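Asker: Listed below, chain by chain, are the residues.
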Amino acid sequence: MQMNFNEERPIYIQISEGIEDAILSGAFQEESQIPSITELSVNYRINPATALKGINILVDEGNIYKKRGVGMFVAEGAVERLTFKRREKFYGNYIRNLVDEAKRLEITKDEIKTMIERGFEDEHRD
Amino acid sequence: MSIEIKDVSKNFGTTQALSRVNLTFDNNKIYGLLGRNGAGKTTLLNIITNRIFADEGEVIVDGIPSKENDQALQKIYMMSEKNYYPTNMKIKEIFAWTKNFYQDFDMDYAKKLADLFDLNINKNVKSLSTGYTSIFKVIIALSVNTPYVLLDEPVLGLDANHRDIFYKLLIEKYSNFPCTIVISTHLIEEVSTVIEDVIIIRNGTIIKNQSREELLSQGYTISGKASSVDSFIVDKNVIGTETIGGLKSAFILGSINKETIPTDLEVTKLDLQKLFVQLTNA
Amino acid sequence: MNIKAATKYQLNDYNKSLRVYYLVILLVIIFLTLLDTIWGGNGDGTYNGFESSSIIFLFICGLNSFKTTFLMMLQNGTSRKSMFIGNITSILTVSFAMSVLDRILSLLANIIGNAIGGLSYSGLFDLLYSHRLENLNSFVFQLEIILLTWMVYTAVTIGGYFITILYYRMNTALKVIVSVGVPASILFIIPLLDYMVLDGKISALRNKFIYFIFGEPGANANPYSLLLACLLGIIIVQGLSWLLIKRAVDKN
Chain D
19 MQMNFNEERP IYIQISEGIE DAILSGAFQE ESQIPSITEL SVNYRINPAT ALKGINILVD
79 EGNIYKKRGV GMFVAEGAVE RLTFKRREKF YGNYIRNLVD EAKRLEITKD EIKTMIERGF
139 EDEHRD
Chain W
-4 MSIEIKDVSK NFGTTQALSR VNLTFDNNKI YGLLGRNGAG KTTLLNIITN RIFADEGEVI
56 VDGIPSKEND QALQKIYMMS EKNYYPTNMK IKEIFAWTKN FYQDFDMDYA KKLADLFDLN
116 INKNVKSLST GYTSIFKVII ALSVNTPYVL LDEPVLGLDA NHRDIFYKLL IEKYSNFPCT
176 IVISTHLIEE VSTVIEDVII IRNGTIIKNQ SREELLSQGY TISGKASSVD SFIVDKNVIG
236 TETIGGLKSA FILGSINKET IPTDLEVTKL DLQKLFVQLT NA
Chain A
2 MNIKAATKYQ LNDYNKSLRV YYLVILLVII FLTLLDTIWG GNGDGTYNGF ESSSIIFLFI
62 CGLNSFKTTF LMMLQNGTSR KSMFIGNITS ILTVSFAMSV LDRILSLLAN IIGNAIGGLS
122 YSGLFDLLYS HRLENLNSFV FQLEIILLTW MVYTAVTIGG YFITILYYRM NTALKVIVSV
182 GVPASILFII PLLDYMVLDG KISALRNKFI YFIFGEPGAN ANPYSLLLAC LLGIIIVQGL
242 SWLLIKRAVD KN
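Chains as they are written, first to last, in the working numbering: chain D, 19 to 144; chain W, -4 to 277; chain A, 2 to 253.
Derived by calculation from the structure, the hints in this document are not laboratory data. There's no promise every hint is true.
[What the hints assert, rightly or not] Each computed SDA-like pair below joins lysine to any residue, with the alpha-carbon atoms no more than 20 Å apart:
1) A/K9 to W/T258
2) W/K253 to D/Y112
3) D/K121 to W/G219
4) D/K121 to W/E63
5) A/K17 to W/P81
6) D/K107 to W/V262
7) W/K253 to D/P28
8) A/K252 to W/T10
9) W/K87 to A/T70
10) A/K17 to W/N119
11) D/K71 to W/T188
12) A/K17 to W/N83
13) D/K127 to W/Q98
14) W/K94 to A/N223
15) A/K252 to W/F7
16) W/K264 to D/P28
17) A/K209 to A/L232
18) D/K85 to D/Q51
19) W/K168 to W/A109
20) W/K87 to A/T69
21) A/K68 to W/E63
22) A/K9 to W/F7
23) W/K85 to A/S18
Note that the coordinates shown come from a computational prediction; the quantities given were computed from them, not determined experimentally.
Modelling step: build the complete structure from the supplied sequences, incorporating the hints.
Answerer: Rendered as structure tokens:
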């Protein structure tokens, strides 16, 4: 799980989104264990309270559950729920920003379409 | 369980170092005590640990006034920027004496950390570089297991690698054995993710004392073309601005209404370092 | 409470220098004994008083035992009060150990010296109070000397300690004034004042004091006068030291 914190949004939200990404990409499979609060906070040099706050978002949404004394696991159906949630936010998070930036750069609608096609074709990008 | 600082004032000659400071360090939290050099951070910590005396006010540790009280003082370990250990003493002797004074000092853990940092404990204090002088004190602070640990500029002279190890060890220690940690520093960026609460001190007065998230959510940064930014901020509570070429960033306190923001301006979160610089300027 | 640790720490402070000191003393005894055996012929040699060197040694120890210890105590969450109690405890312990050791060494040096050649040794107080042997048995006399030595050693050490704290508490200007003023007063101003204005009243008082402690010239001295003087000195100086330590702060 890679995470580079930026100061644009609160860290706990970035933590929760980072774990969401890992679940969606299959790095954390459903019913598999995810790193503990301590591991997360040590690894990312963040306050454990912050890590907990981030994890709690996922717990509240039912995508992570805790087993007492064992650890935290990805809930069944998490991928489906997260995919749905992310799709809902896709327009606001990506399309609007894309269009705003395109306007600043004076990129036309058609040029964007070409780029999107290029993006889909280019499987080997990082 | 807390350290309460009540109405503490301190003057050095005609300079007022602290002026009626009221503050509470609660149980098991990591605090950032932030201030510019000379703001009064070390003076405050020195009063808490009875190294110097307040002119007025008192410090209460878990209900006991800390002034000249071993029972209260034993609950606190302070790592100072300056060295208080005999310079001709070997590090391993210092560890052994620390164990005499602080019974919960974990000798095995201290030795393990010394290995981790490549610190030769057979050396004496005087022969250590600035970085390693910080390291041996950091090791004691991490091994001493007191309910309160005060760290005054802990990463002084440490290279990037050692700093990273230090912060990770600190968080690990804190996760496994929760205690109250106060990190006093002027290097905000490094500690900003580690601390839970922020205390900003300026000219001997506490100007901010709240959770980090809360503090940062009280405002935002707006940036873009200087003229657009200027017209946007006219009626806002601006705490500071930065201009690079034709681009301007303004740091604003207050809530944000996304609808009213012109499309050519970008909104980002406040950043602790920048907020700190703005609040402590002049 | 941290008194135990504070005492242990301050006792340990003496450890290394004590070992070096006694090594030197032993070497001196051996050297003098050999010297007398080889070159002394059959004449009777005498030497005396390594208690005086112990006194100088302890005074210097007292001078050197404040600042480093104070900072170490501050670093280790120990109050000034615990440090102070630990300090007087360690001084009493070290002085006692040294007075016993010095007595044993004196007796040994004397026995060995006499056995090998005609070299006899007397301790500082043997000379002064030997007249008491007429009425006391030798064992009680030894105990009396140990007690007396103990108090003298303690008084000297806390004297050194007091001077150091005094200097620690003073600012630079005061330090200069005291450093110049005190020797000048003792050597120059007071004698002059005494001579020109007070008709020798001060020196008369001083003599009275000296006679009280060491006996009138020609008369036998009472060891308990010196003991009493030391005890009073210890209490007064240590009281002053506490007043100074109580408000001492970190100047690091």
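Asker: Do the alpha carbons of A/K17 and W/N83 lie within 20 Å of each other, as the hint requires?
Answerer: 13 Å, holds
Asker: Would the hint linking D/K121 and W/G219 be met if the CA-CA limit is 20 Å?
Answerer: 15 Å, holds
Asker: If you draw a straight line from the CA of A/K17 to the CA of W/P81, is it 20 Å or shorter?
Answerer: The hint holds at about 15 Å.
Asker: Keeping to a limit of 20 Å between CA atoms, is the pair of W/K253 and D/Y112 held or broken?
Answerer: Holds, at roughly 16 Å.
Asker: Between the alpha carbons of D/K85 and D/Q51, is the straight-line distance 20 Å or under?
Answerer: 10 Å, holds
Asker: Run the distance test for D/K71 versus W/T188: straight-line Cα separation, threshold 20 Å.
Answerer: Judged against 20 Å, a Cα distance of about 13 Å means the pair holds.
Asker: Within 20 Å, alpha carbon to alpha carbon, are A/K252 and W/F7?
Answerer: 12 Å, holds
Asker: Decide if the proposed pair is consistent with the structure: A/K17 and W/N119, CA atoms, cutoff 20 Å inclusive.
Answerer: 16 Å, holds
Asker: Does the structure keep A/K252 and W/T10 at a Cα separation of 20 Å or less?
Answerer: 16 Å, holds
Asker: Run the distance test for D/K107 versus W/V262: straight-line Cα separation, threshold 20 Å.
Answerer: OK: D/K107 and W/V262 at ~19 Å, within 20 Å.
Asker: With a cut-off of 20 Å on the C-alpha distance, tell me whether D/K127 and W/Q98 pass.
Answerer: Outside the cut-off at roughly 71 Å; violated.
Asker: Given the hinted pair D/K121 and W/E63, is their Cα-Cα distance within 20 Å?
Answerer: Given pair D/K121, W/E63 is violated - Cα atoms ~68 Å apart, limit 20 Å.
When the structure is compared with the earlier hints, violations turn up for hints 1, 4, 13, 14 and 22 and for no others.
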